[in-house]
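2 protein chains.
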Amino acid sequence: MNNSSIINQLTEAFRCLPGVGPKTAQRMVLYLLQRDRDGGRQLAGKLSEAMDTVGNCESCRNLTGQKICEICSNRARDASILCVVETPADVLAIEHSGAFRGYYFVLMGNLSPIDGIGPAEIGIDLLLKRCRQGVKEVILAMGSTIEGEATAHYISEVAKPLGIVLSRIAHGIPLGGELDFVDSGTLSHALEGRKTL
Amino acid sequence: MNNSSIINQLTEAFRCLPGVGPKTAQRMVLYLLQRDRDGGRQLAGKLSEAMDTVGNCESCRNLTGQKICEICSNRARDASILCVVETPADVLAIEHSGAFRGYYFVLMGNLSPIDGIGPAEIGIDLLLKRCRQGVKEVILAMGSTIEGEATAHYISEVAKPLGIVLSRIAHGIPLGGELDFVDSGTLSHALEGRKTL
Numbered sequence: 151m152n153n154s155s156i157i158n159q160l161t162e163a164f165r166c167l168p169g170v171g172p173k174t175a176q177r178m179v180l181y182l183l184q185r186d187r188d189g190g191r192q193l194a195g196k197l198s199e200a201m202d203t204v205g206n207c208e209s210c211r212n213l214t215g216q217k218i219c220e221i222c223s224n225r226a227r228d229a230s231i232l233c234v235v236e237t238p239a240d241v242l243a244i245e246h247s248g249a250f251r252g253y254y255f256v257l258m259g260n261l262s263p264i265d266g267i268g269p270a271e272i273g274i275d276l277l278l279k280r281c282r283q284g285v286k287e288v289i290l291a292m293g294s295t296i297e298g299e300a301t302a303h304y305i306s307e308v309a310k311p312l313g314i315v316l317s318r319i320a321h322g323i324p325l326g327g328e329l330d331f332v333d334s335g336t337l338s339h340a341l342e343g344r345k346t347l
Numbered sequence: 151m152n153n154s155s156i157i158n159q160l161t162e163a164f165r166c167l168p169g170v171g172p173k174t175a176q177r178m179v180l181y182l183l184q185r186d187r188d189g190g191r192q193l194a195g196k197l198s199e200a201m202d203t204v205g206n207c208e209s210c211r212n213l214t215g216q217k218i219c220e221i222c223s224n225r226a227r228d229a230s231i232l233c234v235v236e237t238p239a240d241v242l243a244i245e246h247s248g249a250f251r252g253y254y255f256v257l258m259g260n261l262s263p264i265d266g267i268g269p270a271e272i273g274i275d276l277l278l279k280r281c282r283q284g285v286k287e288v289i290l291a292m293g294s295t296i297e298g299e300a301t302a303h304y305i306s307e308v309a310k311p312l313g314i315v316l317s318r319i320a321h322g323i324p325l326g327g328e329l330d331f332v333d334s335g336t337l338s339h340a341l342e343g344r345k346t347l
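Protein chains in written order, with this note's numbering: chain A, 151 to 347; chain B, 151 to 347.
Fair warning: there could be bad hints in the mix.
To be verified - For lysine-lysine, the following BS3-like pairs were computed, each having C-alpha atoms within a straight-line distance of at most 27 Å:
(1) B/Lys345 to B/Lys286
(2) A/Lys279 to A/Lys310
(3) B/Lys310 to B/Lys345
(4) A/Lys217 to B/Lys173
(5) A/Lys173 to B/Lys173
(6) B/Lys217 to A/Lys173
No lab work stands behind these hints, which were simulated from the structure alone. Note that the structure is a prediction, hence the values are computed from the model and not measured.
Using the sequences and the hints given, assemble the complete structure.
Shown next, in the form of structure tokens:
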């Protein structure tokens with residue numbers, strides 16, 4: 151089998167996936183060809199459909215196959231609270247926790263002037279428009295990286311004139327985390343953010 | 151996003167791949183949607199093509215997109231020696247080693263009467279036909295599992311009347327392997343198969 155064979159082409163194509171090297175790609179290809187052709191056909195169909203139809207929700211910028219995503223279309227959620235996150239994966243993680251019943255706004259990144267990512271790229275105008283639609287509290291749930299903090303600071307500045315409550319998600323020791331396994335940045339955050347009992 | 155969204159359907163479809171659980175599938179989907187739609191489209195196309203066109207080589211039973219695979223079509227190889235292996239992955243591994251210039255025959259499994267895999271399923275008739283076409287030596291390169299040994303024994307019995315040399319690939323200590331890290335089955339094989347210097 152040289153590089154022109156369809157098997158090699160497929161192996162090469164699988165390497166576009168994150169964490170898939172030549173050995174894993176080969177294993178996936180041989181597995182599908184020998185044991186699960188229907189699964190492979192199904193994957194090909196869904197993949198092709200998703201690549202062509204998934205865009206950004208017109209209300210929250212999250213990835214969706216519709217114009218408005220399912221969370222934004224759900225009228226049973228709490229419209230007074232908006233959680234601003236960096237990525238679609240953050241939305242999935244918060245939804246999975248079941249701890250939040252408001253709406254989301256997905257920046258699809260963080261402010262990073264050096265990479266040409268300014269307020270327009272993270273959809274600040276749309277975010278401010280959302281904030282004016284009955285939102286009482288905005289939770290800034292970006293990570294505590296330099297870019298995350300800068301983005302949170304920027305949003306709090308531009309949203310201040312709207313007179314809504316702005317909050318930042320808590321950073322500290324994870325549940326079940328032991329102090330001596332936690333990095334010093336997290337530890338100093340946890341100390342600073344201590345609560346009186 | 152509930153289970154009917156295209157994003158969830160695609161995540162579910164990715165789980166047909168070996169070693170891909172819900173978290174990895176989600177990471178793959180979000181990665182492709184956010185960063186590599188062209189890679190995703192390419193993968194979908196190749197996948198669909200391969201699932202529909204790849205069959206077994208009419209000469210060696212290996213997986214191929216053509217009627218005769220590229221190794222069997224290569225007239226520059228040594229037709230006097232035939233290496234019998236269990237799977238297409240074994241062919242790739244031996245080719246990768248560069249230590250063999252003959253042709254292959256791929257059983258696509260091992261004899262396993264309990265699973266309904268008999269001589270017909272592993273292509274013994276085709277193998278014997280190949281053996282009659284100028285082959286002088288057949289190397290039996292199945293693994294040293296019970297099924298592998300039984301298959302090697304069966305093939306050596308049916309091929310004996312053809313008057314060709316039959317050999318079994320050597321089992322022993324891997325290169326760079328330390329004796330105390332090798333399992334006892336391998337160790338006893340290595341002792342039995344010792345060579346006088």
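Among all the numbered hints in the text so far, which are the ones the structure does not match? none
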